[in-house]
Structure formats: C-alpha cells, structure tokens
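Here the working numbering is used: the first residue of the sequence shown is 758, the next is one more, and so on.
Since the hints were derived computationally from the structure, they do not count as laboratory data. Please read all numbers here as calculations on a predicted model, not as lab measurements. Where is the CB? At the ideal position from N, CA and C, for every residue including glycine. Treat the hints with care, since some could be wrong.
[To be verified] Taking lysine-lysine and the BS3-like style, the derived pairs with C-alpha atoms no more than 25 Å apart in a straight line are: (1) 1147 / 1123; (2) 872 / 888; (3) 1125 / 1152; (4) 994 / 1032; (5) 1152 / 1123; (6) 994 / 1008; (7) 1125 / 1147.
[As the list claims (entries may be wrong)] The calculated label-pair distances, taken between Cβ atoms and stated as ranges, are: (8) 1093 / 800: 33 to 39 Å; (9) 1020 / 1350: 53 to 59 Å; (10) 1396 / 996: 31 to 37 Å; (11) 1338 / 1359: 17 to 23 Å; (12) 1012 / 1185: 52 to 58 Å.
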Amino acid sequence: MRRTSKLYRGRPAGRVVLLSFAVLTVAALGGVVPARAQDASVRAQVDRSRIDEGGQVVLTVEISAGNLGDVAPPDVSGIVDFDIVGGPMTSSRFQWVNGRTSATKSFAYVLRPRKTGTLAIPPLGLLVGGKTYRTGSVDVEVYPGGGTAVGPRGGSPRLGQRGDPGQMGGPGQMGGPGQMGGPGQMGGQQRAQPPPGAVPQVTVVADVDSRTAYIGQQVTLRVVLDTQTEILNLGMKDTPTFPGFWAEEIKLPENLEMRRVQRGTDVYNEYTLMKRALFPTGSGALTIPGMTYQIQVRRRSQDPIESFFFTPTETITRRTEPITIHVQPLPAASRPPDFSGAVGNFSLNVSADRRETRVNDAIGVKVKVTGEGNLSAVSSPPLTELSDFKRYAPKVSSSSTLVGDRLRGEKSWDYVLIPLAPGSQTIPPVNFSFFDPRAAVYRTVSSAAIPIQVARGADGSAGTGGAIVTQSDVRQLRKDIHFIKQAPDGLADRSRLFYRAPLFTVLLLLPVVGDLGLFIFTRRREARQANARRRRERRARSQARRRLKEARRRMSPSTSRAFYAEVARALTEYVAAKFDTSAAGLTHDRIEELLSSRGASDEVRREFHRCLEACDYARFAPTSSGDEQMRRTLLAAEEILVRLERSLTS
C-alpha cells in the first residue's frame, strides 16, 4: 500500500497521470495565470503567547503569493528581546486551483526570552519581486519561573503536581519499528473509535513513547493503522500541527511496511503512517491535536453483477485522540552560568588543523558537538577571546540522522584564527554545558588546551598586532606603484551629446510602438480563442461519433482494453468540448458539476458515470470482456450521447 497526499474517488492511476501531464502542459503554454507579486501576503505567528522564564517559543513567518520565486529568510536582527537558538527551518507548499497557482513559504525560528514581562517581536520584512512586505508585531508574555504560564490551549496545570522526574519514561523505552508492540501494547494509548455506520474493521491510533518530558527532550510520536479490509487509498484531511513543539519528521519507507498483529481473537494488518520527533519548547500540559484521515476501502456488495463490473468503494473518516504531554521546566538549581539551552546527551571535541605556524598564517580550529538531542537548538560553545589572535566569525554546519527513533547528529563551528605575534601561544579549553533529561542533571564537558607554536613571518616580521604600521612599511610599498602618465594622446571630442542624435529618438519611441503592437496582438488572440471555443462545441458530437466508430472497429476480446479506452475517451472528450475544458482534468465531481449546470437530468448523469466506471473497470480487469458486454457498453454510450446532446443544446 502506498501513501498519497490526496484522496481520489476510486479513479485509476492512469487518470492521475493524465491530470498531472495536463497541469504541466497548461502551465508551460501560459494557461496558468500566476498571481502578481503585489498579491503577496505575509504574517508572523507564535505557537505559544505565554511562556515561563527559560522556556522557548516557535516563531513562524509565512508568505503567500502566486509566484514567489526565491525568497530569502526575513531579517531577524531587530529581535532584541529574544535569543535565536534554532532556525530558520523552511517549508513550502504549492497549489493549483482553477488555472491559478499559489505558493506559500514558511520560515520557523526557536526563540528564548532574555527577560520576563511582555516582550514584543517587531515587524519582520520579506523581499519579494523587488518589494518589501512586513509582518505585524507579535507579543509574548514571559512569566518568572514557577509554571504560571498558560499553554496554547489554556488551563495548563502547574508542573509541581507531576510526579518525581525520575519516574519519567526514558527515551530508549520505545524501540525501533521492528521492536514496537502493536497499538494495544503501547502504554496509556486511546484507540480512535469508528463512527456509527462506518466500516468497523479500520482504526487509526496515535501514541507517544512518553507522556512526560522536560523542555527540549525528544518525544516520539507514532501513528498506526489497523485494518481487516482492503485499503484502496488514504490521505490526511489537514496538515498536522504540533503547537508547543519543535517537530522533526522521521522518514518512512515509500512503500508502507505491513505486519500482522493480533488484537484479542482478531488478526489485523498494521501499517505505520507517521513518525515525528517532537521537542517541547515550553512547560505545562501540551496537547498534540487529533489527526483526521480519509480512508477509501472496498465495500462488500450484495449484488454480484455490481461486484463484477464495478469496484464498490466507500470513504470513511478516522480521527486520532488528542495526546497530552506534561512538560517540566528545566531546574533552576545548579544551572551552569554558560548553559545555553541544550538538552540531550552530548560530547565535545575541539581540534586545530596544525600546531605550528607563522605570524599572519591562518589556523583552522573546529569546535564539534556530537550526541543525541535537538542540535538545531544548540548554540556555539564559547571560544575565549585571544589577544594575540585575530578571530573571524565561524562557519556553522550540522547533520542529523536517526538511530532507532532517536535523533542524533553533530554540529560544528569552524573558526579561522590569524596569529599576530610570535612565541608559544595557547588556545584555552572550551566548555559546553547541557541538561541530561535521563539523569535530570546538568553536565559540563571540556576540551583540552591546544598549544600553538608561532614563528616569525616569512619576511622576518614579528607581527604588528593588527594596529601598528611603521614608516618603513610605507616606503616599501612605493616599489609596486607606477607614476601616472601625463601624455595628452588618446583624448576624444565629447562635444556632441547623445540625446541630440537620431538614435536617441528611435529608442525613445520604441516602447510606445511595442505597447501598441502588444495590444493589437492580444485583442486578435482573444478573438481567435472565442471562435475556437464555439467551433469546438459544434464539433463535439461528430468527434464523439468518430471515437465510437473507432471503438466499434476494436470490438474484439483481444482488443477489449483498447475498445473500452476509446469509449471512455469519447464520453470525456464530448463533455470537455461542450464546456471548453481539458479532458485530462475532468474528475467525477467536476463532470457532475458541469452537467448539472446545463440542466442534465439526474438519470442521464447517473448513466454517464455508470458507463464511464464500467469502461475503467474493464480496462484494468485481469480478464478480457466478451463481445456481448462490449456491444451493450457501446449501445449505452451512443444512447447517453444522444440524450446529452438534447439536454445541453435545449
């Protein structure tokens, strides 16, 4: 079974391919009219408007327009009341509706307040199409430590009511996919109940490996599907949101893996639909909202004829139960002064690319943090300022991977140091502090000091400290400077001005002539398109008859698939020609909408869809149809076209 991002109403895969091809073709020919850059809209929002001191908030800046192109992240230098500890994380969405494109791009940042009170995130600017758009300001209330802040859904309990932190489930208690028990074996879960009248053999359940956590500690979310019936298609109704959490996707195989599980006396097929690594950004009771899935299943029919010629399907809805995570703030006691918010289990390594150098020759120093946790929220360990070195801003790089369901990786800062004086120099130890949620303690790791032996420069200089320049140095530079030549040759007469030349007049009139020609061309093209629409509608029936004639020629068991393809094409292209639209874009709902708008009767529409579904089923059936069935299908298609012609032309 393959996951899809959108649920289709029993249409075969061939129609989806044709629809995608038609969309790309129309876009390439200019049929898709992109919205202008002036239609762009921006907004900024936070996942929590009230947090405790030491907590974190996720800021999302979103811009939507018809044609975004390359959009640079917003300028966040104006955010002075918060430290940016993570981001930007970018995401994009694209939509195509009724011939128009729209795109949305989001930038997410993790912020930590510097003080308490009502803090403001100022308007942020985004440059699109040469124009700057600004968001509104956002206020965040920061309370002193003590768990008085209210979560995004309100009513968050004080964390003092929770049990001892030592009783929290460790991250390793939920094994890899092959080790996890079925949903019935996962502690404290609630299974989504099927709604009345729906197929009872399908359930969707969401659960986490731990219902308690510290700020910044990973909580793994897993959504599974249990079924006793065949699943034809599935998709999520809405994009999942995780307010109060920094979410990282755990990639699943493209083809969903199935395993057999037993629930009491019944056996189910289990599929894992989603995995997310969630990191709480604030304390309190945080809720993971329920997620709604639309699932298309095969329906058992009492009519054997219907079961043979059609695929009886039914779309059911399943929603998971919300999950509440109790998040405890990081303890204030024994917090190291250099603690920057890192939560997990990390190691530190500091290295230099060489131990011997000369004055003004660069040295590369790499500070690397490795371990388990959200590395996006890890700030650079402080590298002590060195008076005899010039230091440049570091180049930051990071990578992460999954070990089981735990997020691990490394983040490094590459510094370039320029020694300014000879002698024995030392890069002092680097300290890095983090909070270990398993042991509920702060830990500090340190690197060893790195000795550097600096010799005089290649020219024998001892360095200047970057601030002193001697007179002898200035005299030395004159050897590389040539005198300015004062010969008068090579000068030209510039008395004739360009705006008096005939070429200037021609170039001045060229835009006017171009606009006039473009206007005439546009009007003539619109007139041709109007005539083409009327001509296409008049020829719709004759084109359909030709298709049916070709289908009659292929009416043989050996060419049954080609026969049904021609009949289906005759029906869909007839409707497309009558309504001047693309046949590849005609779905079941779209055909129903078009025929209803022109007064076609319910019976005609029902027969039309029944004939079209019979063709689709026969094309993809494992066995070929007989002559009698093909003859009945052809007669039904001819009768439908006659009745449609009467309805649409009356």
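* Is residue 994 close enough to residue 1008, meaning Cα to Cα at most 25 Å? -> 20 Å, holds
* Kindly confirm whether 33 to 39 Å is satisfied by the beta carbon distance between residue 1093 and residue 800. => Check passed, 38 Å falls within 33 to 39 Å.
* Asked: Are residue 1338 and residue 1359 spaced within 17 to 23 Å by their CB atoms?
  -> 22 Å, holds
* **Hinted pair residue 994 and residue 1032, Cα distance within 25 Å** => 17 Å, holds
* Straight-line Cα separation of residue 1125 and residue 1147 no greater than 25 Å? -> 21 Å, holds
* Asked: At the C-beta level, are residue 1012 and residue 1185 separated by a distance inside 52 to 58 Å?
  -> Check passed, 53 Å falls within 52 to 58 Å.
* Range hint 53 to 59 Å: satisfied by the CB atoms of residue 1020 and residue 1350? -> With Cβ atoms ~42 Å apart, the hint is violated.
* Would you check the hint for residue 872 and residue 888, treating anything up to 25 Å between C-alpha atoms as holding? => 34 Å, violated
* Return holds or violated for the Cβ distance of residue 1396 and residue 996 against the range 31 to 37 Å. => Between residue 1396 and residue 996, where Cβ atoms are some 45 Å apart, the hint is violated.
* Quickly compare the C-alpha distance for residue 1125 and residue 1152 to 25 Å and report which way the hint goes. => 12 Å, holds
* To do: Take the C-alpha atoms of residue 1147 and residue 1123, compute the straight-line distance between them, and say whether it is at most 25 Å.
  => Status holds; Cα separation ~16 Å.
* Mind checking the alpha carbons of residue 1152 and residue 1123 for me, to see if they're no more than 25 Å apart? => Given that 25 Å is the threshold and the Cα spacing comes to 9 Å, the pair holds.
The structure fails hints 2, 9, 10 (numbered hints given earlier, in ascending order).
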